[in-house]
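Protein chains: 2
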Amino acid sequence: MSSLETPSYASVLEAADILKPVVVKTPLIESPALNDKLGARLLVKCELLQKTGSFKFRGAYNAISRLSDAQRSKGVFAFSSGNHAQGIAYAASLLGTAATIMMPEDTPAIKLNNTKGYGAKVLTYNRYTESREELGTRIAEENNLALIRPYDNVEVISGQGTTGLEICKQLEEKGIQADILAAPCGGGGLMAGISLAVKEKSPETRIFAAEPEHFDDTARSLALGEKCANSGDYRSICDAIVTPTPGDITFPILKRNLEGGLVVSDAETAEAIRTAFSYLKVVIEPGGAVALAAYLSGKIDIAGKTVVAVASGGNIDPMLFSEILGEKR
Amino acid sequence: MSSLETPSYASVLEAADILKPVVVKTPLIESPALNDKLGARLLVKCELLQKTGSFKFRGAYNAISRLSDAQRSKGVFAFSSGNHAQGIAYAASLLGTAATIMMPEDTPAIKLNNTKGYGAKVLTYNRYTESREELGTRIAEENNLALIRPYDNVEVISGQGTTGLEICKQLEEKGIQADILAAPCGGGGLMAGISLAVKEKSPETRIFAAEPEHFDDTARSLALGEKCANSGDYRSICDAIVTPTPGDITFPILKRNLEGGLVVSDAETAEAIRTAFSYLKVVIEPGGAVALAAYLSGKIDIAGKTVVAVASGGNIDPMLFSEILGEKR
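As given, the protein sequences belong to chains W and U, one line each in that order. Heads up, my numbering is the position in the first sequence plus 37, with the first residue counted as 1. Heads up, my numbering is the position in the second sequence plus 37, with the first residue counted as 1.
Possibly wrong hints are sitting among the right ones.
Heads up, simulated EDC-like pairs for lysine to aspartate or glutamate below, C-alpha to C-alpha not over 16 Å straight-line [to be verified]:
1) W/K153 x U/E210
2) W/K62 x W/E210
3) W/K236 x W/E250
4) U/K342 x U/E263
5) W/K57 x U/E210
6) U/K57 x W/E210
7) W/K62 x U/E210
8) U/K153 x W/D73
9) W/K342 x W/D73
10) W/K336 x W/E296
11) W/K153 x W/E167
12) W/K238 x W/D270
13) U/K292 x U/E263
14) U/K62 x W/E67
15) U/K111 x U/E179
16) U/K62 x W/E210
17) W/K342 x W/E241
18) W/K62 x U/E67
19) U/K236 x U/E209
20) W/K342 x W/E67
If you're looking for bench data, these hints aren't it; they were derived computationally from the structure.
My request is simple: use the sequences and hints to build the entire structure.
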């Protein structure tokens with residue numbers, strides 16, 4: 038068991054060892070036709086093909102596997118907008134522990150049902166009026182459950198970081214280096230973990246956090262040099278990453294390793310989902326498509342460059358996907 | 038250059054050498070949740086992630102690369118319902134030769150536009166009233182173009198067979214063997230090629246051709262022991278595989294290596310597309326989803342077994358995909 042207080046490249050390597058037998062080494066794909074159109078080489082890391090349909094399985098499994106047997110016998114608790122919930126629920130089932138998950142009332146049905154499908158007990162809360170941190174901490178304490186936070190958890194961040202290790206290895210196998218890497222950013226667990234791996238293996242790669250409009254807390258926090266919050270008055274289709282502020286553990290890492298944030302509108306995200314459908318043949322959920330959207334909508338100059346977008350998940354309700362495909366292009 | 042008159046395991050290995058630097062080794066994916074639901078282990082070979090969005094690039098590239106420089110300087114010709122067209126067009130562009138493609142008038146717009154996008158010249162014909170074989174042969178001869186048939190071509194079949202080699206290798210890496218393998222079958226190029234590899238590497242695997250209702254010429258031909266044709270009075274959403282009869286080169290191979298055919302309705306195919314969307318997060322076109330559909334709709338007993346479905350392509354118009362997602366389940 039690791040006693041680290043902050044994740045590091047070493048803790049990401051440790052996580053990689055633990056995860057090796059259970060995670061999918063997701064492909065890093067590209068489309069020659071899309072590359073031609075963009076005048077760049079764009080590689081998409083398909084975490085939508087990860088178990089449970091998102092990268093969250095990595096951190097969840099790493100965190101639960103490091104609990105003591107005594108802790109695991111009591112069960113684990115998580116609050117989550119959906120993908121962390123599924124990751125925890127499935128990892129718990131593999132590791133023989135009971136999971137209780139608190140999810141927002143407006144979570145897409147697919148995520149609620151899948152979480153229950155992996156055998157977890159599900160509670161709901163109102164994400165706009167209740168503090169999941171306060172409510173969740175209290176419920177976990179009252180029931181003696183190990184609370185596994187979605188991003189402010191060293192083992193979770195280290196697990197997510199294995200995505201970055203894989204990207205570096207896959208680029209190396211192709212004999213190329215990334216000029217730019219962007220990933221979707223909510224609380225920053227994926228982003229921080231990936232940055233630990235990428236800064237070590239490919240220090241010249243410029244790293245950016247991608248976020249939806251009105252939920253650009255990380256972009257603004259990076260610009261200001263200190264954590265700031267979103268107003269809470271807005272909605273976004275990017276349900277997976279509408280977190281209030283960067284995390285306490287994640288932000289110092291992001292501040293050290295990232296160049297800044299890229300912010301996209303929901304319309305730009307929808308266009309990225311359509312592009313992924315047409316050129317890449319994969320299903321990306323809105324929150325998973327913001328990094329791709331940032332490139333496609335020209336938020337950063339990629340001409341002539343090799344760039345990586347992490348597509349972090351694919352758990353989107355069929356009706357929403359159908360609507361997005363049907364919208365005017 | 039190979040002078041084989043019929044493809045063999047050896048010619049598939051030769052093709053694998055030629056294709057190694059250019060094809061995507063497409064992933065063999067599975068969903069733990071879907072496996073649970075089915076009570077089987079289902080692995081899906083994602084040729085939708087192949088360059089040009091279907092396996093056809095393999096055979097096209099292999100065939101064009103084996104033409105003489107003199108032949109390549111005159112250009113190549115193909116007739117195709119769409120995916121072979123895109124494969125030829127893109128392979129031709131990589132190998133520096135001009136491609137002319139004759140496609141059915143009712144080809145999905147995405148396939149027509151992509152073929153043009155790869156730089157090919159496109160002609161159209163009526164697939165219900167004109168013989169593409171007669172018309173195509175005449176045009177190719179008149180213009181001194183090398184005709185590359187979609188399935189009755191040794192190098193094309195050998196190239197498609199590399200899909201089977203990859204599947205066997207991927208299963209070996211996972212330490213498992215397939216009890217059953219099914220792939221979509223039109224003229225039988227993919228099916229024949231795969232069977233050459235699988236019968237050599239895993240002789241106990243039972244191999245089946247999957248086809249749409251009313252286009253079950255292969256299933257009926259295998260049952261009868263001789264080639265028979267479809268009536269031509271029907272339509273199917275499976276535009277990629279609505280060929281009239283098994284091929285002259287492919288059928289003897291199918292007869293030797295296959296156990297039979299599995300026939301699915303368009304509704305079953307649509308349900309398979311939805312299942313792939315929800316559980317696997319990939320986009321499969323109708324003609325590419327029939328093998329998956331055969332398993333999901335219970336056309337063969339898979340309980341407790343390890344089974345492979347080849348998902349042969351992902352080139353589906355967004356409006357059709359949107360409609361399929363929106364249909365009642």
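Can the restraint linking U/K57 and W/E210 be considered satisfied, given a maximum Cα separation of 16 Å?
Between U/K57 and W/E210 the Cα gap is close to 14 Å, so the pair holds against 16 Å.
Pairwise hint evaluation, W/E210 against W/K62, where the allowed Cα distance is 16 Å at most:
holds, 14 Å
Going straight from one Cα to the other, do U/K342 and U/E263 come out at no more than 16 Å?
Violated, at roughly 31 Å.
Pair hint U/K62 and W/E67, alpha-carbon separation not exceeding 16 Å:
Holds, at roughly 12 Å.
Check whether the Cα positions of U/K62 and W/E210 lie no farther apart than 16 Å.
holds, 13 Å
Compare the distance between the alpha carbons of U/K236 and U/E209 with 16 Å, and conclude whether the hinted pair is satisfied.
This hinted pair holds, its Cα atoms lying about 15 Å apart.
Taking only the CA atoms, is the gap from W/K342 to W/E67 under or equal to 16 Å?
Status holds; Cα separation ~14 Å.
Are the Cα positions of W/K336 and W/E296 separated by 16 Å at most?
Satisfied, since the Cα-Cα distance of roughly 14 Å is no more than 16 Å.
Is the straight-line distance between the alpha-carbon of W/K153 and that of U/E210 16 Å or less?
Roughly 32 Å between the alpha carbons, so the hint for W/K153 and U/E210 is violated.
16 Å limit on alpha-carbon distance, applied to hinted pair W/K62 and U/E67
holds, 12 Å
Just to be careful, I want the Cα atoms of U/K292 and U/E263 compared with a cutoff of 16 Å; is the pair within it?
holds, 9 Å
Is it true that the CA of U/K153 sits at most 16 Å from the CA of W/D73?
holds, 14 Å
Violated hints, listed in ascending order, are 1, 3, 4, 11 and 12; each of the other numbered hints is respected by the structure.
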